[in-house]
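Asks: Order-wise, the sequence lines are chains U and V. Just so you know, UniProt numbering puts 111 at position 111 of the first sequence, and the rest follows in order with no gaps. Just so you know, UniProt numbering puts 404 at position 404 of the second sequence, and the rest follows in order with no gaps.
Honestly, the hints are just simulated from the structure, not real lab data. Some hints here could point you the wrong way.
Mimicking DSBU-like on lysine-lysine, the simulated pairs with C-alpha atoms at most 35 Å apart in a straight line are [stated by the list, open to error]:
{"hint": "1", "chain 1": "U", "residue 1": "K322", "chain 2": "V", "residue 2": "K741"}
{"hint": "2", "chain 1": "U", "residue 1": "K39", "chain 2": "V", "residue 2": "K133"}
{"hint": "3", "chain 1": "U", "residue 1": "K224", "chain 2": "V", "residue 2": "K53"}
{"hint": "4", "chain 1": "U", "residue 1": "K39", "chain 2": "V", "residue 2": "K427"}
{"hint": "5", "chain 1": "U", "residue 1": "K291", "chain 2": "V", "residue 2": "K545"}
{"hint": "6", "chain 1": "U", "residue 1": "K322", "chain 2": "V", "residue 2": "K730"}
{"hint": "7", "chain 1": "U", "residue 1": "K224", "chain 2": "V", "residue 2": "K427"}
{"hint": "8", "chain 1": "V", "residue 1": "K531", "chain 2": "U", "residue 2": "K219"}
{"hint": "9", "chain 1": "V", "residue 1": "K20", "chain 2": "U", "residue 2": "K39"}
{"hint": "10", "chain 1": "V", "residue 1": "K538", "chain 2": "U", "residue 2": "K322"}
{"hint": "11", "chain 1": "U", "residue 1": "K39", "chain 2": "V", "residue 2": "K730"}
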Amino acid sequence: MNPFTLTRAESVDAAVRDFSGHDSSAYIGGGTNLLDLMKENVARPTHLVGLNKLPLTSIETTAEGGLRLGATATNADTAWHPDVQARYPLLSQAILAGASPQLRNMATNGGNLMQRTRCYYFYDLATPCNKREPGSGCSAIGGYNRIHAILGASEQCIATHPSDMCVALAALEAVVHVRGNGGERRIKFEDFHRLPGDAPEQDNTLKAGELIVALELPKKGFEKNFSYLKLRDRTSYAFALVSVAAALELDGTTIRDARLALGGVAHKPWRSPAAEDLLKGQPATEATFRKAAEASVEGAVGQGANDFKIELARRAIVRALKQAAAGGKATNVFNNSNP
Amino acid sequence: MSSTTNHVGKAPSRVEGPAKVTGAAKYSAEFNVPDLVYGYVVSSPIAKGKILKIHADKVLAIPGVLQVFSHENVPGLAWFDKSYKDDVAPGGSPFRPLHDDEVKFSMQPVALVVADTFELARYAASILDIEYKESTHETDIEAKRDDGHEPGKGKTGYKPPVRRGNANKGLAKAEQHIKQEYIHGAQHHNPMELFGATVHYHPNGKLTIYDKTQGVYNCQQYVTKVFGLSKEQARVVNLYMGGGFGAGLRPQYELFLSVLAALELKRSVRLSLTRQQMFSFGHRPHTLQTVEMGTGPDGALLGLKHSALHETSRFEEYTENVVNWSGMLYKCPDVHLNYQVAALDVYTPLDMRAPGAATGSFALEVAMDEMAYAAGLDPLEFRRRNYAEEDQNENKPFSSKKLREAYDEGARRFGWDKRPMAPRATKEGNMLVGWGVAGGVWDASMQKAAAKATITADGKLTVSSAAGENGTGTYTIMTQIAAETLGLPMEAVTFKLGDTTLPEAPVQGGSWTAASVGSAVKSTCEALGEKLLKLAQKLGDSPLKGAKFEDVEFVNGQIRLRQDHDQAVVLRDVLQTSGEREIEADSSAMPNPLTMQKYSMHSHNVVFVEVKVDEELGTVHVSRVLNVVAAGRILNQKTARSQVLGSIVWGISMALMEETVMDHRFGRYMNHNYAEYHVPVNADIRDIEVVFVEEEDPHVNPLGVKGIGEVGLLGVAAAITNAVYHATGKRVRQLPIYLDKLL
Ligand SMILES: Cc1cc2nc3c(=O)[nH]c(=O)nc-3n(C[C@H](O)[C@H](O)[C@H](O)COP(=O)(O)OP(=O)(O)OC[C@H]3O[C@@H](n4cnc5c(N)ncnc54)[C@H](O)[C@@H]3O)c2cc1C
Ligand code: SF4
Chain U
1 MNPFTLTRAE SVDAAVRDFS GHDSSAYIGG GTNLLDLMKE NVARPTHLVG
51 LNKLPLTSIE TTAEGGLRLG ATATNADTAW HPDVQARYPL LSQAILAGAS
101 PQLRNMATNG GNLMQRTRCY YFYDLATPCN KREPGSGCSA IGGYNRIHAI
151 LGASEQCIAT HPSDMCVALA ALEAVVHVRG NGGERRIKFE DFHRLPGDAP
201 EQDNTLKAGE LIVALELPKK GFEKNFSYLK LRDRTSYAFA LVSVAAALEL
251 DGTTIRDARL ALGGVAHKPW RSPAAEDLLK GQPATEATFR KAAEASVEGA
301 VGQGANDFKI ELARRAIVRA LKQAAAGGKA TNVFNNSNP
Chain V
1 MSSTTNHVGK APSRVEGPAK VTGAAKYSAE FNVPDLVYGY VVSSPIAKGK
51 ILKIHADKVL AIPGVLQVFS HENVPGLAWF DKSYKDDVAP GGSPFRPLHD
101 DEVKFSMQPV ALVVADTFEL ARYAASILDI EYKESTHETD IEAKRDDGHE
151 PGKGKTGYKP PVRRGNANKG LAKAEQHIKQ EYIHGAQHHN PMELFGATVH
201 YHPNGKLTIY DKTQGVYNCQ QYVTKVFGLS KEQARVVNLY MGGGFGAGLR
251 PQYELFLSVL AALELKRSVR LSLTRQQMFS FGHRPHTLQT VEMGTGPDGA
301 LLGLKHSALH ETSRFEEYTE NVVNWSGMLY KCPDVHLNYQ VAALDVYTPL
351 DMRAPGAATG SFALEVAMDE MAYAAGLDPL EFRRRNYAEE DQNENKPFSS
401 KKLREAYDEG ARRFGWDKRP MAPRATKEGN MLVGWGVAGG VWDASMQKAA
451 AKATITADGK LTVSSAAGEN GTGTYTIMTQ IAAETLGLPM EAVTFKLGDT
501 TLPEAPVQGG SWTAASVGSA VKSTCEALGE KLLKLAQKLG DSPLKGAKFE
551 DVEFVNGQIR LRQDHDQAVV LRDVLQTSGE REIEADSSAM PNPLTMQKYS
601 MHSHNVVFVE VKVDEELGTV HVSRVLNVVA AGRILNQKTA RSQVLGSIVW
651 GISMALMEET VMDHRFGRYM NHNYAEYHVP VNADIRDIEV VFVEEEDPHV
701 NPLGVKGIGE VGLLGVAAAI TNAVYHATGK RVRQLPIYLD KLL
C-alpha cells in the first residue's frame with residue numbers, strides 16, 4: 001500500500017477541486033473496495049479525497065415523483081429507507097442480497113457503482129491482467145474463470161461487474177448525476193458501465209475527477225411485481241454467479257411492461273431489449289418467460305469453467321419472472337435469504 | 001453430603017470466555033512490548049525458478065526501513081536438515097526460508113522487510129524489486145495419475161496400506177459390484193487468526209517468542225536448533241489461538257523470520273502474515289481416490305479395494321492415512337488398499353483436521369452408499385450387516401466400540417425408518433428432499449505429557465502443562481479434571497498452558513490433548529493429593545490416620561474416607577496447619593504399551609443428513625444434520641458439543657463450497673482470500689444436533705476419553721453427498737457440490 005495523504009472535503013466543489021489538485025487522487029467512500037485494492041497494490045493513489053463529510057446522504061422525492069439517492073448514503077440506509085422499501089423494493093432486495101451487514105453499513109451508493117471486478121487475476125499482481133495493466137494479457141481466458149462473463153466479453157477481458165445494486169438500478173433505469181470541473185451531467189444507467197472492448201481498464205464512462213453525486217430513480221418502481229434472484233456459491237456473503245432483477249407491470253395476467261437485467265454475466269448489468277419486448281403484451285406464463293430467457297442469453301459464450309452460467313441464467317430468469325409475477329414472493333425460502 | 005466438586009462430564013462454560021470476549025486474551029501478534037519494529041514478508045510470484053537479484057537499495061534508502069533480509073544476507077545458520085526437522089515433520093528435507101536463490105513453490109517467502117511501522121514495511125515490500133528466472137513447474141496431480149509412488153517411511157503415525165486375503169478373488173465372487181473415482185481439491189486451514197509472532201528481545205539477549213503455534217515445545221526445539229540458542233534463550237509462548245486445525249502443528253515461517261530479524265537487529269520484532277499468505281503453506285492435498293467393492297447375496301462385503309493419490313512437495317514426503325480406515329470400518333475378508341503420493345512444485349501438504357480420514361471416509365462412505373443401492377439395501381442396514389466387531393487391520397478387539405448404539409440412537413432420533421429407499425421420492429415445493437447417512441473412525445491416541453501442580457495455603461490450586469488451546473476447551477477441561485481430582489470448586493483452580501517454562505506437553509493435534517494432558521493433570525493432582533493426605537494424617541486427631549490413598553477421596557474441599565464420609569478433614573485446615581506456604585507435585589502420563597498391544601483404540605461416528613435441493617437451480621441446502629459420536633467419556637458436554645458443531649460446519653463446507661483452486665499455468669492458488677475461498681456463513685447452517693452415546697472404556701487411558709476434536713468431521717461430506725443422491729438421483733463424486741454439478 002502506498003503512503004497517501006487524505007483530505008475530507010466538505011462540499012462537492014471542494015472535493016472536485018481537491019481531486020484535480022493532486023497527481024494521483026482517488027475518491028474514497030466507505031473504502032470497502034478501495035482499501036482492499038490498495039492493500040493488494042492494485043490501486044496506488046497518493047492522495048485520497050474523503051467523501052463522508054459531503055452533504056450527499058439524503059434520500060428525497062424528486063419533482064418528477066421519482067427518488068433521488070445521495071451518492072454517499074450508505075447501502076444499508078438506502079436499502080432500509082421507507083421510500084425505497086415501499087416504492088422500489090426490487091432495489092432494496094438487490095442491495096440486501098449483496099455483501100454483509102457490516103459492509104453495507106460502510107459502503108456508499110457511489111462506491112457501489114464504482115467497485116471493481118472480483119476477477120482473481122485482477123487482484124493478484126503475480127499474474128497478467130489487461131484491466132490492471134493494459135497490454136499485459138488476460139489470464140482469465142484459458143484460466144480459472146468460474147466467476148467470469150458469458151455476455152459482451154472481449155478478447156482483452158472477460159471480467160464481470162460484481163454489484164447487485166447496479167443490476168436493480170439498470171432494471172429501474174436510474175440516472176447517474178455526476179459533477180466534474182466542467183459542471184454537472186447526467187448519465188443514463190445503461191450508458192454508465194461499459195463493455196470491456198479493447199479498453200478493459202475503463203469500467204465506466206465517468207471522466208477522471210468526476211464525482212458521482214446522486215442516483216435518480218424514475219417514478220415507476222414496479223413495486224408490485226418484482227424479484228431479485230441471486231445464485232452464488234454460498235447462501236450469503238458471496239458474489240453472484242448469476243443474478244436476475246425482474247420487474248413486471250401486469251394487467252390481469254397480461255404483461256404491460258417488463259424489465260429484466262442480469263448480474264454476474266457481463267462487464268455491466270446486462271439488459272436485453274429483445275427479451276423485454278418478448279414479455280410485453282404477452283401472458284405471464286412460463287412459456288413466455290422461457291422465450292425471454294432464451295433471448296436474454298442470445299449470443300452467450302462460455303469460457304470453460306463458467307459454461308454452466310448460460311443454462312443457469314436461463315433457469316434463473318424463468319424463476320425470477322415467475323416470482324415477480326407471483327407478487328415478489330420468493331417461491332423458495334432459501335434463494336432470497338438475505339440475513 | 002453429595003459432591004459439589006464433581007465437574008467432569010458436566011457442561012461448564014469456557015473458563016477463558018470472559019478474557020476472550022473482553023479482549024483481555026492476547027494473541028501472538030498482539031503483545032505490545034516496547035520498541036517494536038515490524039516485518040512484512042515478500043512472497044514469490046513464480047512457482048519455480050531462481051532469484052537472480054534483489055535490488056534492495058531503493059527500499060533501504062527509505063527512512064525508517066531497517067533491513068531487507070533475504071538469502072543474500074542471511075547469516076550462516078544450522079547446516080543439517082535434522083536441525084530444521086520438527087516433531088511432526090514428514091520425511092525429507094524441510095523448507096528453509098531465505099536459504100538460497102531457489103524458488104520451490106508459488107508464494108514462497110523470498111524476503112523480509114523490517115521497518116519502524118507495519119505500514120512502512122508493507123509499502124517497502126510492495127516496491128522491492130526482485131529479478132527472477134522462471135523454470136517449468138508441475139503442479140497438477142491429475143497429470144501424475146500414473147506417476148505416484150508408495151511413500152517410504154512416512155511421518156510419525158503413518159501406517160502403510162493394508163492388504164489381506166485376495167481382493168480380486170473376493171470381488172470375483174461378488175454378485176453386485178461397484179467401482180468409482182472420488183475427487184476433492186486442495187483446502188487450506190484458514191483459521192480466523194492470521195499466523196503471526198511477536199519476538200521480545202530482552203536486553204540480555206534472551207528472547208520471549210509469542211508465536212501462533214499448536215506446540216510451543218516444538219517451536220522452541222526448532223528455534224534453538226536452527227539458530228544455535230539455548231533453551232533459556234528462547235522461551236516460546238502461545239496462550240490463545242484463533243483456530244489452528246493443524247496449520248500450527250509445524251513451525252511456520254513467521255517464526256523463523258521474526259526470530260532471525262530479532263537476533264540480527266537485536267530488537268523486538270512483530271510479524272503477521274496477510275490473509276493471502278495464509279495460502280502459502282500447508283494444505284489438505286488434492287486427492288484422487290478409487291473405491292471398488294462387491295457384495296454377496298446377503299449384502300456381505302466380499303472384497304474391497306481403495307486407492308488414493310495426492311501431492312507432496314519436491315522436498316518432503318508428506319503422508320496421511322487415507323485408505324486404511326477402509327480396512328477397519330467394515331468387516332471384509334479380502335481387502336487391498338493402495339496409497340501413493342507424487343511430488344509437485346508446491347509447498348508440503350499439512351495435517352488438516354482429521355487428516356486422511358476426512359478424505360478417505362468421503363470416498364469410502366459414498367462408495368458404501370452406491371454399493372447399498374446396487375445391493376438393494378437401505379444404506380444404514382447395509383452398514384449394520386457389515387459391522388466390524390474387531391479391528392481386522394490389526395487383528396485386535398476394540399478397547400470399546402459403541403457404533404451400533406450410535407446407529408440405533410441416530411436412526412431413532414432422525415426418524416430414519418420413514419426414509420423411502422428410492423431417490424427423488426420426496427418433494428417440498430420446488431425442493432427435492434433427500435436423506436443420507438455416513439460415518440467414520442478415528443484414532444484414540446495418547447502421547448506422553450507432563451504437568452505440575454501447586455496448592456497454596458489459601459486453597460488455590462495452579463496446574464500447568466505446556467499444552468495448546470486452539471479454541472478447543474483445553475483450559476476448561478483441565479480445570480475440571482484438576483478441580484475434581486482434589487475436590488475443589490473450579491474457581492479455586494487456575495490452569496496454565498502454552499509456555500515452554502511449563503512442563504512439556506505434545507503438540508496439540510491428533511485429538512490427543514484430552515487423553516494425554518488430561519491424564520498428566522490427573523496423575524499430578526493425585527500425586528499432590530498423596531502429599532496432602534500425609535499432611536492431613538499429621539494433624540493432631542486426624543480421622544484419616546492409617547488410611548491409604550486408595551481409601552480416601554477428595555470431595556467438597558475435604559479429604560474423607562470413602563467408606564465413612566463423616567471421617568473427614570477440611571483441606572484448607574490441612575494447608576494452614578501444615579506451616580507450608582505451598583505444596584507442589586509433578587508427574588507425567590504416557591500410553592500403556594501393553595494395552596496398546598492388546599486393543600485397537602478408536603472413536604466412531606455416524607452422521608444423518610437431510611438436504612433440500614432446488615433442482616432447477618442446482619442449489620443444495622443442508623436443512624438437518626445429526627451427528628452421533630462414540631468417543632469414550634465426554635469431559636465437558638458443552639465444549640465437546642462445540643467441537644462437533646464446528647466439525648459439522650466444516651463438513652458442510654467441504655461438501656458444498658470449500659476448495660482452493662490452482663491455475664496450473666502459474667502454479668498458483670487463485671482464490672487466495674476470504675471473499676473467494678468460501679466457508680459457510682450463518683445462512684448456510686440450519687438445524688444441527690450432536691449426540692454422544694455412552695461409551696465406557698476402561699483400557700484407553702486413565703480418563704477413559706478418546707478425544708473429539710476430529711471424529712465429528714468424518715462422514716459429514718459423504719452423508720451430504722449421499723443425501724443429494726437420495727434427493728435428486730444424481731451421484732456427485734467430486735467435491736465441492738457446486739450448483740453447476742446438479743444442473
Ligand atoms: C468481502 C466482500 C463481499 C462483497 N460482496 C458483495 C456482493 O455480494 N454484492 C455487491 O454488490 N457488492 C459486494 N461487495 C462490494 C461492496 O458492495 C462495495 O465494496 C461497496 O459498494 C463499495 O462502496 P464504498 O463506498 O466502500 O467504495 P470505496 O471502496 O470507497 O470506493 C470504491 C471505488 O469507488 C470510487 N468512488 C467512491 N465514491 C465515489 C463517488 N461518489 N464518485 C466517484 N467515485 C467514487 C472510489 O474512488 C473507488 O475507486 C463486497 C465487498 C467485499 C469486501
Ligand atoms: S478478465 Fe479482465 S480483469 Fe480478469 S484477468 Fe482478464 S483482463 Fe484482467
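Asks: So which hints don't hold here, by number, going up?
Replies: When the structure is compared with the hints, numbers 3, 4, 5, 8, 10, 11 turn out to be violated.
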